[in-house]
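*Asks:* Sequence:
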Amino acid sequence: MKPKYILALTAILLSVSFSQAQNSGFMGKRIVFNMEATFLPAWLKPNFANNPKYHYQWYSFNYTLSPNIECIAWKMGTAGLVYHYFTTKYDYPRNTNGNYIIGNDPTDIDSELETLKSHGFGIFYKQYLGSRAYAPMGSYLKLQFDGFFYKRPNDNLDRTMVNDRLFALKIEFGQDFLFFNILRLSTGVSLGVPFGGFDTMFDEENYFFDNTGINVVERYAKGRIASHYWLGFNVGIGVIPF
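Position one of the sequence shown corresponds to residue 68 (my numbering), numbered consecutively onward.
None of these hints come from the bench; they were simulated from the model. Don't be surprised by glycine CBs; every beta carbon is placed ideally from N, CA and C. Treat each hint with caution, since some may be false.
Unchecked claim - In silico lysine to aspartate or glutamate, EDC-like type, Cα no more than 20 angstroms apart, as pairs: (1) K184 <-> D231; (2) K218 <-> E239; (3) K184 <-> E285; (4) K156 <-> D231; (5) K156 <-> D266; (6) K218 <-> E179; (7) K156 <-> E239.
What the hints assert, rightly or not - Taking CB as the label site, the calculated pair distances span: (8) D225 <-> W125: 35 to 45 angstroms; (9) F247 <-> D225: 28 to 38 angstroms; (10) P308 <-> F262: 27 to 37 angstroms; (11) A116 <-> N248: 32 to 42 angstroms; (12) F265 <-> K142: 33 to 43 angstroms; (13) L180 <-> L250: 34 to 44 angstroms; (14) W125 <-> V306: 34 to 44 angstroms; (15) K184 <-> N248: 18 to 28 angstroms; (16) Q194 <-> I136: 15 to 25 angstroms; (17) R226 <-> L250: 43 to 53 angstroms; (18) R199 <-> L258: 17 to 27 angstroms; (19) L111 <-> T227: 25 to 35 angstroms; (20) I136 <-> M228: 25 to 35 angstroms.
Whenever a hint applies, use it, and build me the whole structure from the sequences.
*Replies:* Pasting the structure below:
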């Protein structure tokens with residue numbers, strides 16, 4: 068998606084959120100500041116740890132930090148902007164004189180281990196559900212559009228770092244709990260659909276046999292973000308100051 072379309076979508080979202088002159092919010096308050104963390108399984112991939120003994124384990128995970136600002140748009144819905152940061156690692160097959168050396172399983176593959184640090188942004192709308200729900204508390208369904216921006220080597224032979232990006236869409240179901248009319252705790256689970264990265268998202272071992280193009284690093288970097296994004300367990304804490 069081109070930047071001008073992203074800016075236009077953001078402007079529309081903010082216009083809808085802040086143009087509700089009749090909306091009194093919650094007890095006269097309309098803004099929520101949140102800090103959220105999303106924990107994601109990394110069973111088939113390396114994770115953020117520098118120690119390789121924590122890679123490819125059943126308990127391996129990654130996390131994303133996502134501070135955000137949320138506006139109460141009406142009594143049953145909120146909208147907001149979010150910033151993302153995460154760091155992880157990804158494997159891609161080593162290219163030695165044009166040949167790829169394949170092992171018997173992912174831990175035996177002759178590969179390069181690259182660190183990936185990504186910054187990103189998102190816009191979201193949260194719809195509260197049920198007769199007892201009232202923004203900003205209760206059960207909710209959230210739709211979110213995200214973009215991730217990172218650096219990776221240009222290809223196997225050219226180690227020059229270049230900028231890359233991947234956009235994605237996710238849906239989240241969760242629960243917001245309100246305390247003292249100012250403090251909010253959130254829990255949820257999300258499923259995401261990245262716009263790319265599927266070819267190396269899960270079946271990376273078999274893909275090694277066919278992946279001999281110069282864009283091998285690009286494919287594996289996108290695949291790592293895709294596998295990082297598709298499932299998430301979310302927790303958050305927020306305050307409603309005004």
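*Asks:* For every hint, state whether the structure bears it out.
*Replies:* Comparing the hints with the structure gives:
1. K184 <-> D231: 11 angstroms, holds
2. K218 <-> E239: Answer violated: K218 to E239 is near 28 angstroms, above 20 angstroms.
3. K184 <-> E285: 14 angstroms, holds
4. K156 <-> D231: Distance ~16 angstroms between K156 and D231 Cα, so the pair holds.
5. K156 <-> D266: 17 angstroms, holds
6. K218 <-> E179: It holds: about 16 angstroms lies between the C-alpha atoms, which stays within 20 angstroms.
7. K156 <-> E239: Violated, at roughly 25 angstroms.
8. D225 <-> W125: 35 to 45 angstroms: Holds: the Cβ-Cβ distance is about 36 angstroms, inside 35 to 45 angstroms.
9. F247 <-> D225: 28 to 38 angstroms: Check failed, 56 angstroms falls outside 28 to 38 angstroms.
10. P308 <-> F262: 27 to 37 angstroms: This hint holds: roughly 36 angstroms between Cβ atoms.
11. A116 <-> N248: 32 to 42 angstroms: Cβ of A116 to Cβ of N248: about 40 angstroms, so the range 32 to 42 angstroms holds.
12. F265 <-> K142: 33 to 43 angstroms: About 39 angstroms separates the Cβ atoms of F265 and K142, which means 33 to 43 angstroms holds.
13. L180 <-> L250: 34 to 44 angstroms: For L180 and L250 the Cβ distance comes to about 41 angstroms; the hint holds.
14. W125 <-> V306: 34 to 44 angstroms: Given range 34 to 44 angstroms: holds, Cβ gap about 36 angstroms.
15. K184 <-> N248: 18 to 28 angstroms: 38 angstroms, violated
16. Q194 <-> I136: 15 to 25 angstroms: For Q194 and I136 the Cβ distance comes to about 18 angstroms; the hint holds.
17. R226 <-> L250: 43 to 53 angstroms: For L250 against R226, whose Cβ atoms are near 48 angstroms apart, the range 43 to 53 angstroms holds.
18. R199 <-> L258: 17 to 27 angstroms: Holds - the Cβ-Cβ distance for R199 and L258, about 25 angstroms, lies within 17 to 27 angstroms.
19. L111 <-> T227: 25 to 35 angstroms: 29 angstroms, holds
20. I136 <-> M228: 25 to 35 angstroms: 31 angstroms, holds
In the structure shown, a violation is registered for the earlier hints numbered 2, 7, 9, 15, in ascending order.
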